[in-house]
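> This is what each chain is made of:
Protein chains: 2
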Amino acid sequence: MASPLTDPATDFPRWYQDVLVAAELADNGPVRGTMVMRPWGYAIWELVQGEIDRRIKAAGADNAYFPLLIPESYLRREAEHVEGFSPELAVVTHGGGKELEEPVVVRPTSETIINSFFAKWVHSYRDLPLLINQWANVVRWELRPRVFLRTTEFLWQEGHTAHATERDARDYALRILREVYLPTMVDLLAIPVVTGHKTDRERFAGAVRTWTCEGMMGDGKALQMGTSHELGQNFSRAFGTQFSTETGTLEYPWQTSWGASSRLLGAIILCHGDAAGLRLPPAVAPAQVVVVAVRDDEGAVTAARALRDDLAAAGHRARLDDRVDVGFGRRSVGWEIKGVPVRVEVGPRELAEGQVTLVRRDTREKATVPLGGVVAEVGRLLGEIQQALHDQALAAQRARTTRVATVEEAVEAGGAGWAVLDWDRLGPEGEDRLGAQALTVRCLQAPDGGLALEEGAGGLLAVVGRAY
Amino acid sequence: MASPLTDPATDFPRWYQDVLVAAELADNGPVRGTMVMRPWGYAIWELVQGEIDRRIKAAGADNAYFPLLIPESYLRREAEHVEGFSPELAVVTHGGGKELEEPVVVRPTSETIINSFFAKWVHSYRDLPLLINQWANVVRWELRPRVFLRTTEFLWQEGHTAHATERDARDYALRILREVYLPTMVDLLAIPVVTGHKTDRERFAGAVRTWTCEGMMGDGKALQMGTSHELGQNFSRAFGTQFSTETGTLEYPWQTSWGASSRLLGAIILCHGDAAGLRLPPAVAPAQVVVVAVRDDEGAVTAARALRDDLAAAGHRARLDDRVDVGFGRRSVGWEIKGVPVRVEVGPRELAEGQVTLVRRDTREKATVPLGGVVAEVGRLLGEIQQALHDQALAAQRARTTRVATVEEAVEAGGAGWAVLDWDRLGPEGEDRLGAQALTVRCLQAPDGGLALEEGAGGLLAVVGRAY
Numbered sequence: 001m002a003s004p005l006t007d008p009a010t011d012f013p014r015w016y017q018d019v020l021v022a023a024e025l026a027d028n029g030p031v032r033g034t035m036v037m038r039p040w041g042y043a044i045w046e047l048v049q050g051e052i053d054r055r056i057k058a059a060g061a062d063n064a065y066f067p068l069l070i071p072e073s074y075l076r077r078e079a080e081h082v083e084g085f086s087p088e089l090a091v092v093t094h095g096g097g098k099e100l101e102e103p104v105v106v107r108p109t110s111e112t113i114i115n116s117f118f119a120k121w122v123h124s125y126r127d128l129p130l131l132i133n134q135w136a137n138v139v140r141w142e143l144r145p146r147v148f149l150r151t152t153e154f155l156w157q158e159g160h161t162a163h164a165t166e167r168d169a170r171d172y173a174l175r176i177l178r179e180v181y182l183p184t185m186v187d188l189l190a191i192p193v194v195t196g197h198k199t200d201r202e203r204f205a206g207a208v209r210t211w212t213c214e215g216m217m218g219d220g221k222a223l224q225m226g227t228s229h230e231l232g233q234n235f236s237r238a239f240g241t242q243f244s245t246e247t248g249t250l251e252y253p254w255q256t257s258w259g260a261s262s263r264l265l266g267a268i269i270l271c272h273g274d275a276a277g278l279r280l281p282p283a284v285a286p287a288q289v290v291v292v293a294v295r296d297d298e299g300a301v302t303a304a305r306a307l308r309d310d311l312a313a314a315g316h317r318a319r320l321d322d323r324v325d326v327g328f329g330r331r332s333v334g335w336e337i338k339g340v341p342v343r344v345e346v347g348p349r350e351l352a353e354g355q356v357t358l359v360r361r362d363t364r365e366k367a368t369v370p371l372g373g374v375v376a377e378v379g380r381l382l383g384e385i386q387q388a389l390h391d392q393a394l395a396a397q398r399a400r401t402t403r404v405a406t407v408e409e410a411v412e413a414g415g416a417g418w419a420v421l422d423w424d425r426l427g428p429e430g431e432d433r434l435g436a437q438a439l440t441v442r443c444l445q446a447p448d449g450g451l452a453l454e455e456g457a458g459g460l461l462a463v464v465g466r467a468y
Numbered sequence: 001m002a003s004p005l006t007d008p009a010t011d012f013p014r015w016y017q018d019v020l021v022a023a024e025l026a027d028n029g030p031v032r033g034t035m036v037m038r039p040w041g042y043a044i045w046e047l048v049q050g051e052i053d054r055r056i057k058a059a060g061a062d063n064a065y066f067p068l069l070i071p072e073s074y075l076r077r078e079a080e081h082v083e084g085f086s087p088e089l090a091v092v093t094h095g096g097g098k099e100l101e102e103p104v105v106v107r108p109t110s111e112t113i114i115n116s117f118f119a120k121w122v123h124s125y126r127d128l129p130l131l132i133n134q135w136a137n138v139v140r141w142e143l144r145p146r147v148f149l150r151t152t153e154f155l156w157q158e159g160h161t162a163h164a165t166e167r168d169a170r171d172y173a174l175r176i177l178r179e180v181y182l183p184t185m186v187d188l189l190a191i192p193v194v195t196g197h198k199t200d201r202e203r204f205a206g207a208v209r210t211w212t213c214e215g216m217m218g219d220g221k222a223l224q225m226g227t228s229h230e231l232g233q234n235f236s237r238a239f240g241t242q243f244s245t246e247t248g249t250l251e252y253p254w255q256t257s258w259g260a261s262s263r264l265l266g267a268i269i270l271c272h273g274d275a276a277g278l279r280l281p282p283a284v285a286p287a288q289v290v291v292v293a294v295r296d297d298e299g300a301v302t303a304a305r306a307l308r309d310d311l312a313a314a315g316h317r318a319r320l321d322d323r324v325d326v327g328f329g330r331r332s333v334g335w336e337i338k339g340v341p342v343r344v345e346v347g348p349r350e351l352a353e354g355q356v357t358l359v360r361r362d363t364r365e366k367a368t369v370p371l372g373g374v375v376a377e378v379g380r381l382l383g384e385i386q387q388a389l390h391d392q393a394l395a396a397q398r399a400r401t402t403r404v405a406t407v408e409e410a411v412e413a414g415g416a417g418w419a420v421l422d423w424d425r426l427g428p429e430g431e432d433r434l435g436a437q438a439l440t441v442r443c444l445q446a447p448d449g450g451l452a453l454e455e456g457a458g459g460l461l462a463v464v465g466r467a468y
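Line by line, the protein sequences give chains W and E. Reminder that position 263 of the first sequence reads as 263 in this note's numbering, one-by-one numbering, no gaps. Reminder that position 85 of the second sequence reads as 85 in this note's numbering, one-by-one numbering, no gaps.
Each hint should be verified, as a subset may be incorrect.
To be verified - Taking lysine to aspartate or glutamate and the EDC-like style, the derived pairs with C-alpha atoms no more than 20 angstroms apart in a straight line are:
| hint | chain 1 | residue 1 | chain 2 | residue 2 |
| --- | --- | --- | --- | --- |
| 1 | W | 221 | W | 88 |
| 2 | E | 98 | W | 432 |
| 3 | E | 98 | W | 99 |
| 4 | E | 120 | W | 102 |
| 5 | W | 98 | E | 83 |
| 6 | W | 120 | E | 83 |
| 7 | E | 57 | W | 99 |
| 8 | W | 98 | E | 72 |
Derived from the structure by calculation, the hints contain no laboratory data.
Make a model of the complete structure from these sequences and hints.
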């Protein structure tokens, strides 16, 4: 059967669009840059959400919900913040049939409205740390939208915290990076990200330091997958939030904010997808295994249903495909496009010999397995596929990362992957030169590739690449 | 300790506001009618959401997500629908710094945008039924906002389905009422709702029939807690959605939509609250039991922590209160206001005798319990409290519901509760007379109090009351 997908080696962006449509992940909305997350895409999002939510709660933060609509004047209180977000705002000027006295913006992010409440809630050192997270939609008007990656409306979580000391705020920003985002990317999404901090040019509008997780996609480009910001006292000063210390003095709290979004769905496609469609890491597959009845045969359909039940009872997300009035080839291609990690094919001939066929999506290898061994073998395969997708992505990332000495070499290496060079040799001026070639510094790292925790430390490395 | 709450017998609306603030459930947002759901309130919402989501999935619907922003023209396609929602719309006129060519509205509900996609996705009878749900925020400009009950922005789920036959659509609308909403209200929220269908005057704008769950609040007023609509072919015709039947003819699908919202948090307060604050049904209590160390005593704090761990290990949502630098009385009042169903008080004197005190929130009864019996006794109490809150609400609802024969009697009975009278004697004209007295028909029922499933059936009963 001919693939409904463009070859990714020929036209990667178009292949991405094809996968979105063919795997029924998402659709474009009628308002420019908006998207519809279809059931298959949304079910992946629910699994990602579940893991991030669990990890955020384990890090001590509580969920809450703040209004979508923010008075325009709130945005203006933090100078860098409003400058960063003004060009992207959606503005409500009419409500209930009347023109509003003060226009309100649809939140592009919630630092301002949340800090206006922190100012009411924080009085004493006893109220700190205040650790809040919200799951929400945000709107940023996009000039060059792409589904999941850059959309006018997207879904995300945004954490907002206040701390008594600068050190405590930094520690928490880093804790979120290390205990929430990094393990979610690596263990759940099977995407081996690099971590570091942003240059002044790239950091969040209103932050003093932005920590980031950057993943390499199938075309060698970088995708920013989660960021955690130290906000210093910028917002607490702007909103007049003060607390009395144990010694009775009044101080402004130190803050953080951090977010990860539905963009992660784009990362899964772009990092793991192949010419046959999506390849889902089992940990985020709405169906980890699909049991397909090959054709209209009572025995096969019954056996397929029983296998699905056994697999579900063993704790796997298992689905039955008994749509025997649709061609077997068409259904197989469909499940491959959707990226289901393991397919079990149940046909009458094999069944007569007490066997079925297992197909793993990542390698497309087939194996004949006795009925009684299916559950154990599927369990083994799911673990193996999760690891294999990660290892393959890591190998690709390493193969496409080049240590270079000059801006010229970085430009060359950055065409197909990432370049790593000394930040001392690059600097903000070199960063501008890279920018002219559509390259950006994705993050800065310590000389050993770890996080650069010492303020003003020398010997930093810049990871340079094209980015989504 | 003096209560920070107004006496509900004196001023019920003001008591409600006091509970919202004192229990740290919610705050008013800066834009008129918007709200902040604080961690305690949001944690209750997460439990409500979890149950509704589980039940919706069990009814076969898939979650998805559609855009917040809808072209204004979409709303106009269904005449009754636009008439119903126009006065409440928030309109975005500017995006990305420019005036938009066509203004977009912030969704007040998603029938129109979802149906524009159903028109793309539905082609054949094989595509039906199409069963979609989304969790989302919606915006309806409110003139008389009240936190949780009627807010400019609220959180909800909205289901949207398409079916091959009118019968299948009706069955599904009723299935949602019976298998999702009714058990959630009764078993989870412990609120004994009555069910029925709305009069023409009260039904959803664009529906042919609206089924509803109505709860009675502590002041005898009704609260609409969940609705399930039969939409007929109104939207499929408006959006040109057609499917080919098995015999090859083209038909418009029959549709439903249904929703329940963050208003349910208001219902919990209004139905179960008392002069000491919130009383949470254990099934929706973020903390089902709090173990309080009475004062700064190492043994008591250690024993309290161990008890919390034992209670958590037994599967209860258990919290430790070891803030011994805050007065015991103040903390006790705080947990009562927040509605935690069971409080375990661990003090050094009792502890020396191997005992602790258990206080149940619903009756405020205290009992001394040996340490080794705490876990079992808490488990028993939680079950008992869940049932007791329901039974108490049901008794109140029955005591305040009066069978009457005339509109005049209904007006009198409707001042303190609900009146039930023959719909044949009331009719749309009588309904208008009730409206002049701030009374509405909450729902119509069959003569036996069940759902009136027969079209044009006589002998209907009207349940009349004031409403939130």
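> Each of the hints needs a verdict: does it hold here or not?
Here's how the hints hold up against the structure:
With a C-alpha separation of about 24 angstroms, the suggested pairing of residue 221 of chain W with residue 88 of chain W is violated against the 20 angstroms cut-off. In summary, the hint linking residue 98 of chain E to residue 432 of chain W is not supported, as the alpha carbons are separated by about 29 angstroms, beyond the 20 angstroms threshold. For the suggested pair residue 98 of chain E and residue 99 of chain W, the alpha carbons sit about 17 angstroms apart, so the restraint of at most 20 angstroms is met. A threshold of 20 angstroms between alpha carbons decides the hint, and for residue 120 of chain E with residue 102 of chain W the separation of about 39 angstroms lies outside it, so the pair is violated.
Pair hint residue 98 of chain W plus residue 83 of chain E holds up; C-alpha atoms about 16 angstroms apart against a cutoff of 20 angstroms. For the hint pairing residue 120 of chain W with residue 83 of chain E, the CA-to-CA distance comes to about 40 angstroms; that exceeds 20 angstroms, so the pair is violated. Between the alpha carbons of residue 57 of chain E and residue 99 of chain W the distance comes to roughly 41 angstroms, so the proposed pair goes past 20 angstroms and is violated. For the suggested pair residue 98 of chain W and residue 72 of chain E, the alpha carbons sit about 16 angstroms apart, so the restraint of at most 20 angstroms is met.
When the structure is compared with the earlier hints, violations turn up for hints 1, 2, 4, 6 and 7 and for no others.
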